[in-house]
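Got chain Z sorted already, so can you dock chains X, W and B with the ligands onto it with the hints?
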Amino acid sequence: MAASKASKSKRPNRPGADAGRIYASLRRIRRVEEEIARIYPTDKIKSPVHLSIGQEGIAVGVCDALEPRDAVSGTYRGHATYLAKGGSLPGMMAELFGKDTGCARGKGGSMHLIDMKANVLGTSAVVGTTVPVAVGFAMAQKMRKTGAVVACFMGDGATEEGCFPESLNFAALHKLPVIFVCENNGFAIHEPIAKRQATDKLCQRVATYGIPAKRFVDSDTRAIRTHIAGALPKMRKGGGPIFIECMTWRWREHVGPGDDYDAGFRSRSTLVRWQKKDPVEIAAKALAKAARAEIDAAIEAEIAAAIKFAEESPFPPVEELFTDVFA
Amino acid sequence: MAASKASKSKRPNRPGADAGRIYASLRRIRRVEEEIARIYPTDKIKSPVHLSIGQEGIAVGVCDALEPRDAVSGTYRGHATYLAKGGSLPGMMAELFGKDTGCARGKGGSMHLIDMKANVLGTSAVVGTTVPVAVGFAMAQKMRKTGAVVACFMGDGATEEGCFPESLNFAALHKLPVIFVCENNGFAIHEPIAKRQATDKLCQRVATYGIPAKRFVDSDTRAIRTHIAGALPKMRKGGGPIFIECMTWRWREHVGPGDDYDAGFRSRSTLVRWQKKDPVEIAAKALAKAARAEIDAAIEAEIAAAIKFAEESPFPPVEELFTDVFA
Amino acid sequence: MSSPKLAWPGRPEDGRRVLRYVDALSESVALEMERDRSVFLFGLDVDDHKAIQGSTRGLLEKFGPDRVFTTPLSEDAMTGVAIGAAMAGMRPIHVHIRMDFLMLCMNQLVNIAAKARYMYGGQVKVPLVVRTIIGKSWGQGAQHSQGLHSMFMHVPGLKVCAPSNAHDAKGALAAAIRDDNPVVFVEHRLLYATEAFVAEGAYLVPPGRSRVCRWGRDVTVVGISNMVVEALRAAELLKEVGVSAEVIDPIWLAPLDSETIVESVRRTRKLLIVDNGWNMCGAGAEIAARVAEACAGEGPVSIRRIGFAPTPCPPSPILENAFYPNPATIAAEAFALARPDAAPWAPDPSSAKLAYQMQFKGPF
Amino acid sequence: MSSPKLAWPGRPEDGRRVLRYVDALSESVALEMERDRSVFLFGLDVDDHKAIQGSTRGLLEKFGPDRVFTTPLSEDAMTGVAIGAAMAGMRPIHVHIRMDFLMLCMNQLVNIAAKARYMYGGQVKVPLVVRTIIGKSWGQGAQHSQGLHSMFMHVPGLKVCAPSNAHDAKGALAAAIRDDNPVVFVEHRLLYATEAFVAEGAYLVPPGRSRVCRWGRDVTVVGISNMVVEALRAAELLKEVGVSAEVIDPIWLAPLDSETIVESVRRTRKLLIVDNGWNMCGAGAEIAARVAEACAGEGPVSIRRIGFAPTPCPPSPILENAFYPNPATIAAEAFALARPDAAPWAPDPSSAKLAYQMQFKGPF
Ligand SMILES: Cc1ncc(C[n+]2csc(CCOP(=O)(O)OP(=O)(O)O)c2C)c(N)n1
Ligand SMILES: Cc1ncc(C[n+]2csc(CCOP(=O)(O)OP(=O)(O)O)c2C)c(N)n1
Ligand SMILES: [Mg+2]
Ligand SMILES: [Mg+2]
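Sequence order for the protein chains is Z, X, W and B. Take the first sequence: its position 217, counted from the start at 1, is 217 in the numbering used here, and no numbers get skipped. Take the second sequence: its position 183, counted from the start at 1, is 510 in the numbering used here, and no numbers get skipped. Take the third sequence: its position 51, counted from the start at 1, is 705 in the numbering used here, and no numbers get skipped. Take the fourth sequence: its position 30, counted from the start at 1, is 1048 in the numbering used here, and no numbers get skipped.
If we strip away everything but chain Z, and leave its shape as in the complex, we get:
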């Protein structure tokens, strides 16, 4: 697939933490999503998009600690996980445009991103369903003794689905190499967590399965990265799963390019508070201006190329409707 090749030059997963790399990854995701929001009102994008703007630090913090052999499993709000793990940007953009060169050949859409070459597992539009799938992928790693781990991302809402505790129990029982990552943005669509969950003791609950659990109250990218990097050696040797709960804020509306502060169910002042902890800004501060400028320029060029690739790619021909129903 052309799209996958196009991304080979980009390798966000080299060993060791590095301020430039982390900034580049964060900034790239932010800019990609801003561009998506910009393009969205035209009719070029062919399926509904769920932006993660504001939440990027979690994906980047986790994925920067991973190796290429490790896998990630994201959600329909999956641009950040997909990109942070090295999923092809042209492939993603073309997928949003519904094109034949898309990572799912136009047959997935924005909610079903995948790039198996980068070990990005397919995302799902049914909340929670990818969690046990990620656990199964991890079980195969254990069976085959690859030493690889799977980072499984989910929203706070997903933890309410029965398959989540079922998956925790199984992963803990079989000591499977899974990093469970809850991106807790306090909302499922427009419903606040207090209307859905009896308590906020998720970490304590997960710990009762014998799974080390830690909450990050402001989801600092580096803190998350350090924590994951520290846990990986033991996990690779059969130490079993870990869990992190990352408190965060979805800056934009649930689906679509705008925001939702006028709807009255959450306040703009909270946004402002979270914007002070903007992971992109924080990462930027660690860099000299010139270094940033160079990174920024490269990112803009890459994004422009990806959009061009998506625009110029053909739609899948109608015969494609019937292919790949079966392998």
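Everything labelled a hint here was simulated from the structure, so no lab data went into it. Treat each hint with caution, since some may be false.
As the list claims (entries may be wrong) - Here are the simulated lysine-lysine pairs, DSSO-like style, with alpha carbons at most 30 Å apart: (1) W/Lys-704 - Z/Lys-195; (2) X/Lys-522 - Z/Lys-234; (3) Z/Lys-214 - X/Lys-502; (4) B/Lys-1080 - Z/Lys-237; (5) Z/Lys-175 - B/Lys-1068; (6) Z/Lys-214 - X/Lys-612; (7) Z/Lys-195 - X/Lys-564; (8) B/Lys-1154 - X/Lys-371; (9) B/Lys-1080 - X/Lys-371; (10) Z/Lys-195 - X/Lys-472; (11) X/Lys-564 - X/Lys-371; (12) X/Lys-469 - W/Lys-704; (13) W/Lys-1007 - X/Lys-472; (14) Z/Lys-195 - X/Lys-612; (15) Z/Lys-201 - X/Lys-528.
All of these numbers come straight from a predicted model, not from anything done at the bench.
Chains X, W and B with the ligands only, in chain Z's frame:
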């Protein structure tokens, strides 16, 4: 229904604890199941039976504290819950015999006992599925401000189904009057809990929902009764659910009348240890011999009458196949 | 044109108020909640400002959070909760914004709701309504687009309803709420904005009566849910080539009034079923089988089914268009049935496009 | 009698070894696990001393607990785990002792397994086998007796297989394990003890070929799963009244080889479908619809379906007997189709009873 009327004379749910009443309830359940086991090898019983012999103390401890307006929800291993809550014995026996006078008119069978007059909700053969149903029944009590509670029984295996944590969360969130009762006999069919659950911290886990949780290591009938009786007043006033985990032992095989110690997956010596804590024996010791004899005689007469009732009742006629598909 | 034999409440004669499908849904629920204290409505997002694409609009304000409330993301347990509440005498309406999510609660629906009355010997009833929406607009993709009604039709003890217009939506939803049995109520997102003549008061569109929406001579077209509208458009296209199509809307899929369909086919000898779902073991298979059984030995009958392509639903536009039946493909199939000896015909693209501007004000 | 046109591996000619269905299942899995390290078997109770009614007997001993293991009671997540392992290149066999429990994993099967290859643009495959058993003996009741195969037939991306004899069970299970797609493999408890001629080595009974088990002139009877055996018994009963019944076993229900059925019906002009499930939107509806579509305009065809009564399954014996098709009811229906002008006939009760002693050694 004749069967329901037949049981009206029996009222195991009078207020206050009473040694005679508790013994009678325990002894009655034990003897009913022993009789079922005796009859089983003939072809009179028309569906597979799951005996609770050895585990009766839990149902009796909980139900003795309840009032008639309260409901219970049991499992396919439900004879004890059904009888302890005042379900009709002739109705149950006739149901096992597949008769028209059965509590489910021969259309349920042993795994689908019900007696709504006694507020015994229907049991299910699909593990765990009755848990949310019981929670919904409790929600209706709250909505209608009846002050009634629902005691929801389940096995240790049922707690592994995703609907269990989903139900806990919802019951806690809405402060529903549910007593969750886990009868932990350490096995699901022949699979020991260690092959199914990562840890044994069920109570700690349930507590993270804000649900008071307590384990009874030997499931003493009176201790359970006292605990439930103590919790009820607050629950009736909107205090929300509670949870108890009752460690116990299934003396017989999973399904059928015999035992399974020859199969090699659990040891007879553990049985012997549990038999020393036999709830029926313990309750018997609190009574004078004469009082026991009187109770025993009444129970034998009642059981004999129920069996006779079941035997003499007709099978449902073939036209009954098509009734009650819809209300 | 309505079937002459059925006098429907709320027909044009009864008043000229026009209402959208989406508003008819919320109006119906409001009337039933006023009428009966035991009715309540819950489900993810029923109480937010988007109000399930507007279909629960105003209910929270009118009835308060005790009777209109959201849930955790726990479709399985929430269905059990609804069933338990129904067994206790309440009348829950449980809302799912996509039909695809019902796959999470199949166990409760199939193993408990459908069987409770029977397997508990008539001691309980489960007056539960499960409202679900078939997602279709652009780019919904494989998991937000399914019409899975045939799975529910398959299971004794469940009723299934899929109204195609605002009039029926209001009356059938009321009938579903008053029904003492579990009803899977199938809506269609593209119908939400369509308008029909809808009487102001409460009325019922109960199970058991298919409607002949348009009378015709040459071919019988059965449409399901939104496909009724597409079939009506196709019928207009067919007029241009002199083919007269009868269009029938079953409204309720279980119990299914197939007699009305059989009667029509006895006249036309040609049957096309157009479903908002897959054909294999679908509603169309059932209707085809019933007609074939009923008309056996009466002379030849030609039958065709069209529905979703036998693939998951792709979001890319060319593929997505080809996935769904549309007025042009329906018209072409109906023509082939009606004129087996003529050369194949399809409406020219411009009139096919124009067909989408045809709006029909139900109840037809 | 086997269809002359198909040369089946493992037919009587190839050897005389007789094996039970239950042993054919475990033998097939053992052969595949030996052949391919990526095959593993898991599910509740697969490793206990009862070994899923014997069908996993010996596998734990042979392949150890890393490849044969039980699970928690978590059907939903365990199905997801199987899918994830399959996506990673393993070949899981996930076992459920009752088909009813599949209702707990519909979301994973319908929304992920069936769609993954398509919606992920061909990047993954899901070589998963879901083994399930239709429960029938005495008193199973409403929740331990369902044959829900038509729900899976409905969904593109899933394959469905329901072998009726030990020979096909072994070969079809091997084919399912080697298939790169999710396969719902439907067994029947009453078939477990039945014997057939089964070759010792591995062989495949792949999708795409219905088998004519018995040649006949007057009526075509399609049996599904255990109903093939009941249909063969019925055919013997029908012989007594001079009716010659052709019996066809589709073996694989999805993809479905309906051509073989259509060819047969073109000769007999009469079709009876006998299912181990409900009729409405069932496998029988699909077969009836396909035959009706294919034979349109060719002259009259008579079609009937029989299956479970349209009720939940009751355990009480008189009701339970009436719930299921049996050789006598099948024979009576087939007779009515074959001899529409004759007085209705049913086998006398004693020969109907005797029919149950007829054992047929497959592959038929
Ligand atoms: C099983 C299921 N139920 C409901 C929905 C509708 N839905 C789509 S996104 C969403 C919110 C999920 O919230 P969360 O898991 O916190 O993720 P977030 O969107 O906040 O990132 C819901 C309810 C769905 N897609 N799947
Ligand atoms: C959903 C489901 N999965 C599997 C089964 C098969 N099964 C029947 S009883 C049982 C064991 C349940 O164990 P537990 O909940 O501990 O109850 P116990 O039998 O020990 O009282 C199992 C697995 C079932 N009936 N339902
Ligand atoms: Mg969230
Ligand atoms: Mg147990």
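Restraint check for B/Lys-1154 with X/Lys-371, where alpha carbons must lie at most 30 Å apart: 18 Å, holds
Sort out whether Z/Lys-195 lies within 30 Å of W/Lys-704, counting only the CA atoms. With Cα atoms ~17 Å apart, W/Lys-704 and Z/Lys-195 stay inside 30 Å; holds.
Hint check: Z/Lys-201 vs X/Lys-528, CA-CA at most 30 Å. Holds or violated? 15 Å, holds
Holds or violated: are the alpha carbons of Z/Lys-195 and X/Lys-472 at most 30 Å from each other? 21 Å, holds
Sort out whether X/Lys-612 lies within 30 Å of Z/Lys-195, counting only the CA atoms. Distance of about 50 Å is beyond 30 Å: violated.
Keeping to a limit of 30 Å between CA atoms, is the pair of X/Lys-469 and W/Lys-704 held or broken? 28 Å, holds
Straight-line alpha-carbon gap B/Lys-1080 to X/Lys-371, limit 30 Å: Violated, because 41 Å separates the two Cα atoms, which is more than 30 Å.
Does X/Lys-472 lie within 30 Å of W/Lys-1007 when you go C-alpha to C-alpha? The hint is violated at about 57 Å.
Does the alpha-carbon distance linking Z/Lys-214 and X/Lys-502 stay inside the 30 Å limit? 28 Å, holds
For the pair supplied as a hint, Z/Lys-195 and X/Lys-564, confirm whether the alpha-carbon distance does not exceed 30 Å. The hint holds at about 21 Å.
When you check the alpha-carbon spacing of Z/Lys-214 and X/Lys-612, does it fall within 30 Å? 51 Å, violated
Assess, step by step, whether the Cα of Z/Lys-175 is no farther than 30 Å from the Cα of B/Lys-1068, and give holds or violated. OK: Z/Lys-175 and B/Lys-1068 at ~27 Å, within 30 Å.
Of the numbered hints listed earlier, those contradicted by the structure are 6, 9, 11, 13 and 14.
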